[in-house]
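Enquirer: Listed below, chain by chain, are the residues.
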Amino acid sequence: MNRLMTAKSLRLVIGGVLLVVALAILPLLAIDIPGVLPGPTYTPGTLQLLAFALLIAALALTYRIMFGLAGLLSFGHALFFAAGAYGLAMTLEAFGPAEWPSALVFTVAIAATLVLGFVLAATVGALALRVTGISFAMVTLAFAQAGSVLIRRNPGSATGGDEGLALDTAHVPPEFVGVVDTRNLYWLALGILVLVYLIVLWVEKSRAGHVAEAIRENELRVRVIGIRPYNVKLLVFIAASVLASVAGMGYLLLQSGAAPRIATADFTLTLLVIVVLGGAGARWGAMVGGIVYTLLDQRLTALAGSDAIAALPDILRVPLSEPLFILGTLFVLVVLFLPGGIAGLPARIATGRKQHPVEPEEAVDA
Amino acid sequence: MSGPVAGEPILSVRNLYGRIAGQQVVEDVSFDVPATGVTALLGRNGVGKTSTIKSILGLIDRTGEVRLAGERIDRMPTHRIVQRGVAYVPEDREVFGSLTVAENLRLAERDRSPRRELVASLFPDLEARREQRAGTLSGGQQQMVSLARALVNENRLLLVDEPTKGLAPRIVDEVADALAEAARTAPILLVEQNLLVVRRLAERVVVLSSGRVVFTGSAEELLDDHDRVQRFLGVHDEREAA
Amino acid sequence: GGDADGADAAPVAIGMITSQTGPLAAYGEAYTAGFEAGLDYATDGTGEVDGQELDITWEDDQGNPDTAVAKAKDLIGQGTKVLAGTVVSGIATSLAEQAEQNEILYISGPAAADAITGVNGYTFRSGRQTYQDVATAGTFIGDPDGKKVVVFAQDTAFGQGNLAGVEAVLGGQGAEVQGVLVAEDATEFTPFAQQLVDAQPDLIFVAWAGASSGAMWTALQQQGVFDAAPVVTGLGDVATYQAYGDASADISFLNHYFGGAAGTDIEEEMITRLEEAGAVPDLFSVDGFVAAQMIVQAVREGGDDVDAMIDALEGWTFESVKGEITVRAEDHALIQPMYQVKLVEGADGWAPELIETVDAETVAPPVAG
Amino acid sequence: MDTLILLVVTGLGLGALYFLVASGLSLIYGLMGVLNFAHGAFLTIAAFLGWEAGRRISDGTWTGLAISALVGILVGATVAVLTEVLIIRRLYERHIEQALVTVGISLAAVALFEGIWGTDPIYTDRPAWLTQTTDLLGARIPNDRFLLIACAVLVLGGIVLFLKRTRYGLIIRAGVENRHMVTALGIDVRRSFTLVFAIGGAAAGLGGVLASVYYGYVSAHLGSVLLIFAFIVTVIGGLGSLTGAAIASVLVAVLQQFANFYLGGTGDLVVVVLLAAVLLIRPRGLMGKAA
Amino acid sequence: MTDHSALELEHVTLRIGGALLLKDVSLTVPEGEMLGVIGPNGAGKTTLFNIVSGVLRPTEGAVRLAGADVTAQPVHRRAAAGLGRTFQTSSLFPALDVLENVRLAAQAREGRAASVFRTPRRTDAATRRALAALEEVGMAQRAGAGASGLSHGEKRKVEIAMLIAMEPRVILLDEPMAGVGSADVPALTEVIRGLHRGGRTVLMVEHHMDVVLGLADRVAVMHHGELLAVDSPEAVMANPTVQSAYLGTAA
Ligand SMILES: Nc1ncnc2c1ncn2[C@@H]1O[C@H](COP(=O)(O)OP(=O)(O)OP(=O)(O)O)[C@@H](O)[C@H]1O
Ligand SMILES: Nc1ncnc2c1ncn2[C@@H]1O[C@H](COP(=O)(O)OP(=O)(O)OP(=O)(O)O)[C@@H](O)[C@H]1O
Ligand SMILES: [Mg+2]
Ligand SMILES: [Mg+2]
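The listed protein sequences correspond, in order, to chains A, B, C, D and E.
Mapped onto our numbering, the consecutive letters of the first sequence carry residue numbers 1 to 366.
Mapped onto our numbering, the consecutive letters of the second sequence carry residue numbers 1 to 242.
Mapped onto our numbering, the consecutive letters of the third sequence carry residue numbers 1 to 369.
Mapped onto our numbering, the consecutive letters of the fourth sequence carry residue numbers 1 to 291.
Mapped onto our numbering, the consecutive letters of the fifth sequence carry residue numbers 1 to 251.
Some hints could be false.
[What the hints assert, rightly or not] Which stretches of chain C does chain A cover? Using the computed rule of at least three CB atoms under 8 angstroms from a CB of chain A, they are:
{"id": "1", "stretch": "34-43"}
{"id": "2", "stretch": "61-72"}
{"id": "3", "stretch": "76-87"}
{"id": "4", "stretch": "94-107"}
Don't read these hints as lab results, they were simulated from the structure.
No residue lacks a Cβ here, since even glycine has one placed at the ideal position from N, Cα and C.
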């Protein structure tokens, strides 16, 4: 039984806890990795970047349970991220009876946004899950597109249109405002990632998670053994979507605003790229994908503007000075030559060039 | 058609290895298929009969030496091999479900003058259903489409994998008739579980076990030997070969 | 006033954030070149303000607010007291937010949104705003009272802002204002062109941005809009001069700036410097130039004390490329002259020609807030 | 009345453009079983190179346009074939990966085009007749719409004939379902696939050149804009169904025109709602076959 | 004793497009019976199973499970109500291993099968039931193997193990012997007999006549979508229509 608690998974738990602790003390250290990070780890710029990477990792993780676990290829995941960001921004602005303390307003706004995310996820999921496969992808795309159009249209000046919505800091705890407090935001992002991870882990390991996996394989068969796939898919959809809106709230605080870009289909495609880059088959793959993508994106831009590139002849300079070109090409190469993504790397290295896949390590345990 | 010289096998397989998803499923298999009659490839579930046929056709990764009437075909892509006159009736029918019966048959026509009447006379049921989508056919009807696709051309060799699986007894009879008829014009390598059919059609048998050849000889020799049948085709045994 | 005389004082850190890549990279380039020219001019080629060094860092916002905020936080974290730049209104809003949160000075770039004016005490602007564009358009119809003005615009913040501007400016003067707003993603403008004709206006004001302009102008021409009423629009950067096709001669343009519009000495200075650097004067060159002048003024008077810098800028009147410019104390609006322009066809295609300079006060926006 | 006619005919013109893009997409979907996100890139590169060739030889004339179209078609076909042979083929039968790879290609391609041709649209010249209008029952219809409609009809007819009259139609449909079995019938399925890819690419190429006529410019984002609608049209019409795509193109474009004009610019929203509604009522699209 | 039968079909007719797939089929299967279903290929046997299990809805007529009308119920409800089936071509969850496949079925039996609040454990009831089911069909040793790598016969057995784990009261078997080597037929026959022996009602479509005759209490004969006869095996075998339409000479 490869899913049950074993010595190996105990080791994994300890390793995971150590990793989280290491990440948590990063703002207190002065680690400088030139070429990867813009500066030492305690500087706000670097922390901002890392926090952003952690949030994207969390978001990618939520996408993984939809796509990797339940096989739901959604093109509308950005909608829920945007719902978190915009929802919190709008409720923070709309609410706030003067006599309430700020902390209360903040808490209520978060709760309201969660409810909003849930209702939206339940509605979209309930409709979209009536169809499957590419049709499902297209219905989710349609909803996301509608959301994106609405946000850009700025109905009732609620979303700020193209300019986006700035965070109204009146009710935001002061610990989360201002550059000097970037490390608090970093810890917040780390907290969100850990939270998302634990919930995702819980869903995956539960019976519902197993059934979701079975549905991915053969839906009719699941029905014949007496389980209604729709409910399980809806559950996974809602879980992933609400978690995405949690990441969206973190994003709003980190960026002090929400921009319409995060609601577009392009953003969902980016997520898909991230999850595949990291490896859809594993939780940590999605997270690593999120972090690697964010850092790459940022560093490639720096590279594109560098003098070294400017000095190259046109035929090299033009492509190399386009970060998206490099990312896109890299992505194609990963899909072609590294089917498991980054998460598949260790296994490939371990097995070397042998054709035989390794037998599952854990013996059957009756 | 210039048939092969008497005695020379139409198909000769030497040291064939095949693997699926990195797993060795055919190991060092060698046998010949004579230029006439039916040769049955037997063995218990999962020993690699289907995989052997697929290896011959290049449908799975394979190494080894395979000759069709003397010509090496083990490096050829599948469609080349088939174009040389090898027809394949796959185990799970593999009809094109979204195509109609007529389209399935048309797709299979390779020859300039396909033998449409022969097929029509063998499977009248299909004639009536020419415009039905093959995916909605019953299991047995699909099996007929699959057979018809092979018989519509003139072939030098037929590779037939469990053609009677899921057929009603009367149809089993008919299929056996059709195969007997087909065997008169082209040799057949037949995988079959129904030993009655084997006895009726096959002159020679090759028995596989765990991916290897364990017996080659005449059909009668094997089938009349109760012991051997027990041994090769299996007594009831829970530790089934994997 | 400040007391920065220390040649030994630490250099003042200045962060410039603008699009070097992304959809608006061309605007970013003009702004950057203008800034370099302005800095050279304002510091007499020394790059220093009264001996005080300026430590200028350029960052690429990629047209993406996330990137811009990250870059801004990084700069602020490293002690930057002055931020400037960006073409994108959405980014300008975010940067203004950062400026307020972190109490630093921010001088926004060519971003035109009216909302940036008066958004907070730390934010200034170095370019014109939508209201000034609209008010300039209004100068084409003489007395607007009783006239019918149709605004043809995209249904975006930019287009809505323009409509609101026209309603405020010309509607306030007695004109009947009607808006024909087209969804931003629409690709077919023919029926709308016909709608314009059917409205029988006295003036048509077009506020359009982006790639679809060419198709839009073709549609107006095909449906005979130019025969129906005078058409006014803003003249964009050099790259757009050829976009109007056959319609070019029929359009009246309002303009923020084009090379040769002002005819001032400082303009000469700028153009010389631009050409030395291999650039051409363009729509947003002046925004960069003015930004440099404002930064130098702020540092000269305020050193690296943000409040002192703000004091130095509020109410400051100075000579610049376009003539006399004032930073209005109340809301930091930039009061500046605008231009009426037409396109004439020459050997190298269509080129702008000045009709008239519009007085800064005539087009000054009302105080925001 | 003339507004109605204008809306319908311009809607048809736009629908024709959607169809030109969707036809290749639908064909390649029918072949690969995945949506080809790189289709927009095929279209864009064809538009760029077609424009480059046309303007060098004879700008703003019918000859120039013909040369652009020819070059566009060739470029579209070539790029599609290269993509198929070098990339898609290595991933055969891994539909999700194939789709992903095309996402990567489209990202990289747009960036590359921006690097080469810049981010601003490049305005193009075309024959004078195309910029003029023809009076139809009181409506002044821009002439280029007629060109679009004619080309779309030709492409539809051509591809339908190709699929009906040649064996390739059968091979492709069968090959999508079970590639192994098609080879086991003695058919070199790879060659048919490449051919169809070439046809899809050629249709995209023609679409690209015509799109540059319609919009009056070429830009790195030309393809991405059209691609979304081509997807929607393909799905509404029923995946893999060419006639479905044609009907859906017209439906979507005309509806879009009307909603944009009468319903306050909600064209895109209405299309999206239509897509959701069609899929929920008829999951297979208007003309789609059973899964 | 209940006063109703395990399964009742009342005047079931199914039309798809222009084709009449089932014509006015009425059938009553008492509790605990093993009913063989035979008929030529295309007679409508699988279709009949699809109607009973809810994969298809009849155009006319009603389906009753233990007296309750389930005609309008979806597949999963009927399964939860105690109806299990296998498919003519085997269908497992290829990405899961053998035990996981069977445990899913066991889970479904327990209810709250898809709960997020329950995590499968090595020792829980579902796992134990799954292992017992595998033991019963002789596949316990293969519990850890991936389902995609099983041979045909093995897949069949795992499918039956899934049925056992579901503990259904009514079981539909669609050609369980198809493709199973003759050597394994007796073993599988025993497994099926075991299914039946537990008091379950079993309907089995099968072309292996010896298996049908050996197991079935009664045999239903279908032909062209009609139910020709339901009778004892001997009587059915003696029926001349069955002889000519179905058995031919090979019987
Ligand atoms: N897709 C696959 N992945 C992994 N292993 C496989 C796959 N297909 C077959 N095998 C393995 O290959 C072995 C041989 O299978 P094959 O289908 O050739 O047997 P067979 O003799 O035809 O059996 P049957 O009588 O059941 O048809 C089996 O043990 C099976 O486990
Ligand atoms: N959608 C459809 N349209 C037309 N005919 C159909 C459709 N679906 C099934 N059929 C026909 O219904 C008949 C019954 O099929 P079914 O699968 O029930 O047969 P069966 O008795 O199980 O046969 P077998 O023993 O071969 O599996 C077949 O003749 C089949 O071709
Ligand atoms: Mg086999
Ligand atoms: Mg059947």
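Enquirer: Evaluate each hint against the coordinates.
Expert: Now the hints, each set against the structure:
1. Figure legend: the stretch 34-43 of chain C, annotated as covered by chain A; annotation inconsistent (0 residues with Cβ-Cβ distances under 8 angstroms, at least 3 required).
2. Check result for the stretch 61-72 of chain C against chain A: holds, 8 residues qualifying (beta carbon to beta carbon below 8 angstroms, three or more required).
3. Proximity of the stretch 76-87 of chain C to chain A, defined as three or more residues with a beta carbon under 8 angstroms from a beta carbon of that chain, is established by the 3 residues found.
4. Coverage of the stretch 94-107 of chain C by chain A holds. Counting CB-CB distances below 8 angstroms, 6 residues qualify, and the rule asks for three or more.
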